[in-house]
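2 protein chains.
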Amino acid sequence: MDWQGPYIAVDWGTTNRRAWRIGADGAVADSCADDRGIRTVPEHGFAAEAEALRARLGDLPMLLGGMIGSDRGWRNVPYVPCPADARALAAGLCRIDARTAIVPGVAQPDPASPEVMRGEEVQIIGALARGALAPGALVCCPGTHAKWVRLEEGRIARFATWMTGEVFALISRHSILAPLLAGETVPGAGFAAGVEAAADGDPLGHLFALRAGALIACPRADAPGYASGLLIGAEVRAALARFGSEPPTLIGRPDLCALYAAALTQVLGPAAPSATVIDGEAAFRAGIGAIIREVA
Amino acid sequence: MDWQGPYIAVDWGTTNRRAWRIGADGAVADSCADDRGIRTVPEHGFAAEAEALRARLGDLPMLLGGMIGSDRGWRNVPYVPCPADARALAAGLCRIDARTAIVPGVAQPDPASPEVMRGEEVQIIGALARGALAPGALVCCPGTHAKWVRLEEGRIARFATWMTGEVFALISRHSILAPLLAGETVPGAGFAAGVEAAADGDPLGHLFALRAGALIACPRADAPGYASGLLIGAEVRAALARFGSEPPTLIGRPDLCALYAAALTQVLGPAAPSATVIDGEAAFRAGIGAIIREVA
Numbered sequence: 001m002d003w004q005g006p007y008i009a010v011d012w013g014t015t016n017r018r019a020w021r022i023g024a025d026g027a028v029a030d031s032c033a034d035d036r037g038i039r040t041v042p043e044h045g046f047a048a049e050a051e052a053l054r055a056r057l058g059d060l061p062m063l064l065g066g067m068i069g070s071d072r073g074w075r076n077v078p079y080v081p082c083p084a085d086a087r088a089l090a091a092g093l094c095r096i097d098a099r100t101a102i103v104p105g106v107a108q109p110d111p112a113s114p115e116v117m118r119g120e121e122v123q124i125i126g127a128l129a130r131g132a133l134a135p136g137a138l139v140c141c142p143g144t145h146a147k148w149v150r151l152e153e154g155r156i157a158r159f160a161t162w163m164t165g166e167v168f169a170l171i172s173r174h175s176i177l178a179p180l181l182a183g184e185t186v187p188g189a190g191f192a193a194g195v196e197a198a199a200d201g202d203p204l205g206h207l208f209a210l211r212a213g214a215l216i217a218c219p220r221a222d223a224p225g226y227a228s229g230l231l232i233g234a235e236v237r238a239a240l241a242r243f244g245s246e247p248p249t250l251i252g253r254p255d256l257c258a259l260y261a262a263a264l265t266q267v268l269g270p271a272a273p274s275a276t277v278i279d280g281e282a283a284f285r286a287g288i289g290a291i292i293r294e295v296a
Numbered sequence: 001m002d003w004q005g006p007y008i009a010v011d012w013g014t015t016n017r018r019a020w021r022i023g024a025d026g027a028v029a030d031s032c033a034d035d036r037g038i039r040t041v042p043e044h045g046f047a048a049e050a051e052a053l054r055a056r057l058g059d060l061p062m063l064l065g066g067m068i069g070s071d072r073g074w075r076n077v078p079y080v081p082c083p084a085d086a087r088a089l090a091a092g093l094c095r096i097d098a099r100t101a102i103v104p105g106v107a108q109p110d111p112a113s114p115e116v117m118r119g120e121e122v123q124i125i126g127a128l129a130r131g132a133l134a135p136g137a138l139v140c141c142p143g144t145h146a147k148w149v150r151l152e153e154g155r156i157a158r159f160a161t162w163m164t165g166e167v168f169a170l171i172s173r174h175s176i177l178a179p180l181l182a183g184e185t186v187p188g189a190g191f192a193a194g195v196e197a198a199a200d201g202d203p204l205g206h207l208f209a210l211r212a213g214a215l216i217a218c219p220r221a222d223a224p225g226y227a228s229g230l231l232i233g234a235e236v237r238a239a240l241a242r243f244g245s246e247p248p249t250l251i252g253r254p255d256l257c258a259l260y261a262a263a264l265t266q267v268l269g270p271a272a273p274s275a276t277v278i279d280g281e282a283a284f285r286a287g288i289g290a291i292i293r294e295v296a
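Residue numbers (my numbering), protein chains in the order written: chain A, 1 to 296; chain B, 1 to 296.
The set of hints was computed from the structure by calculation and includes no laboratory data.
Among the hints, erroneous ones may be present.
With beta-carbon atoms standing in for the labels, derived distance ranges [as the list claims (entries may be wrong)]:
#1 B:Pro42 with A:Asp110: 50 to 56 Å
#2 A:Cys32 with B:Ala241: 49 to 55 Å
#3 B:Arg39 with A:Thr15: 24 to 30 Å
#4 B:Arg242 with A:Asn76: 32 to 38 Å
#5 B:Arg39 with A:Val28: 46 to 52 Å
#6 B:Gly136 with A:Glu196: 37 to 43 Å
#7 B:Gly183 with A:Val28: 45 to 51 Å
#8 B:Pro78 with A:Pro111: 52 to 58 Å
#9 A:Cys32 with B:Pro78: 54 to 60 Å
#10 B:Pro219 with A:Glu196: 34 to 40 Å
#11 A:Ser245 with B:Pro78: 44 to 50 Å
Glycine is no exception: its CB is placed at the ideal position from the N, C-alpha and C atoms.
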């Protein structure tokens, strides 16, 4: 098994997939992104999908992370328990064949607070490898299932998940509020008002006012921003209460990270340092590289 | 227009419909219930539906309440503003013809806290007419959009809505937790654990642990009860903080009221008086009767 030289890194999620060819110099030589998430691939279709990726990006070793290692993915790869670092992830790789492997997720096997992640661990390892995280940093990875992660001695020590993104998507698509929440979500005045309203710890108690206001001719400006601010504001306050009231480093999609950064500034006050934002794709690539260095 | 003598009372909601023939003695003489909620009726189909109800229950005057008076119903009946009582609702009736009318909803036209209800006002007026509510009572009507209502001098004075039922339904049907939440929701140990966990004001921060626990072989018993307890526990605490920490009178479906009563006992402690429960259908019929007495 030869992981020296160029390789393909794949972030294969539930609904989307991104892949990069990394050259011998460690730089991105080519890439592709599509909506062939694991949900769209039939049970025995993953080998063919991987070969199609090689046909597109090069006939190279391939290391995959994300939901591709879940019970609905190519293989159900056992989780590595906390505390976890690059070496532990490398030791837990699921080898599909001599030049194809899947990174394991990380589990917090605490019966009082069970947690799992798949994908964020690669981003965090990558940010650590790039020197962008202190060994005891607090990290937040916004997304469908937002993760807040406490590092200890450069390892993923404990974490918790908020279903903020999924609940927001459900409300936006399927609830009685859906017609009001069709627009884009940006960190403006509506978002700030939602973050503020959530200070009472009752985000779901403020949602219906969006519909009532629209019905009785006092609609709220920027309803999508307000609803998003309610949910993210509640998450940020609860997570800071659980993990310590320091601004986390944000790793993820830049648009989502901008919302979280705005909420953090609002909740922690202007005197607190701003949250650092790390692009999730770059962090993922760096994490794959760090894991490959452990096995190469 | 003659509202003396027997009549038909109709509670016509978004997804369901119940109708009763009330005899000259005020007792239920006949009834029917089906899933012909307003969502299933085409825009100009309501007159024919009402005639079909008459063909089934008797050729009688008919008074309707609920979402039938909304922008998706038969007529978009203007809301009566708070404070509202039976007389105000009677004055705001929308007369379809000489023997068919729709009860208006109630609005709280406060730009800082806009609220609307359609249907619960009939139940509350009915409970008042039956002498089951003090003139300054706190009322909770559990449901898709749960209402907490403060009465003042026997009138609906102010209220607030929690989307608890709708959010629970969305999570149960569409979220990643759906396979875990398929069972019935009862007020047992799982429900109590959810109410307890929600004491930190962060119900959405505890949901994902249901999935994580199932994935790493420490599943929580009674996941539906736990999820329901999280959301209802958060609602009950927030509503008591907003409206005063006395047990409300519960008006609604007996199974839902039982969950709320259990959460209230848990949150307020065993020394607090138990919440009184009033059957929502009986309260609705009494409310229609009270409004008819105002116009007869």
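Check: Can the suggested window of 50 to 56 Å be confirmed for the beta-carbon pair Pro42 (chain B) and Asp110 (chain A)?
Finding: Cβ of Pro42 (chain B) to Cβ of Asp110 (chain A): about 54 Å, so the range 50 to 56 Å holds.
Check: Falls inside 52 to 58 Å, the C-beta gap from Pro78 (chain B) to Pro111 (chain A)?
Finding: For Pro111 (chain A) against Pro78 (chain B), whose Cβ atoms are near 55 Å apart, the range 52 to 58 Å holds.
Item checked: Distance restraint evaluation - Arg39 (chain B), Val28 (chain A), Cβ atoms, bounds 46 to 52 Å -> holds, 50 Å
Check: Falls inside 45 to 51 Å, the C-beta gap from Gly183 (chain B) to Val28 (chain A)?
Finding: Check passed, 48 Å falls within 45 to 51 Å.
Item checked: Range hint compliance [Cβ, Cys32 (chain A) to Pro78 (chain B), 54 to 60 Å] -> holds, 56 Å
Margin query: Verify the CB-CB distance for Cys32 (chain A) and Ala241 (chain B) against the hinted window 49 to 55 Å.
Written below: holds, 51 Å
Notebook entry, point to check: Regarding Gly136 (chain B) and Glu196 (chain A), is the given constraint of 37 to 43 Å on their beta-carbon distance met?
Noted result: violated, 31 Å
Next item on the list: Take a look at whether the Cβ-Cβ distance between Pro219 (chain B) and Glu196 (chain A) falls inside 34 to 40 Å.
Entry: At 38 Å between Cβs, range holds.
Next item on the list: Kindly confirm whether 24 to 30 Å is satisfied by the beta carbon distance between Arg39 (chain B) and Thr15 (chain A).
Entry: 29 Å Cβ-Cβ, so the 24 to 30 Å window holds.
Next item on the list: Note whether the CB distance of Arg242 (chain B) and Asn76 (chain A) lies within 32 to 38 Å or breaks it.
Entry: Taking Cβ atoms as reference, Arg242 (chain B) and Asn76 (chain A) lie about 46 Å apart, which means the hint is violated.
Checklist line | Range hint 44 to 50 Å (beta carbons of Ser245 (chain A) and Pro78 (chain B)) holds or violated | finding: For Pro78 (chain B) against Ser245 (chain A), whose Cβ atoms are near 48 Å apart, the range 44 to 50 Å holds.
Checked against the numbered hints listed earlier, the structure breaks hints 4 and 6; every other hint is satisfied.
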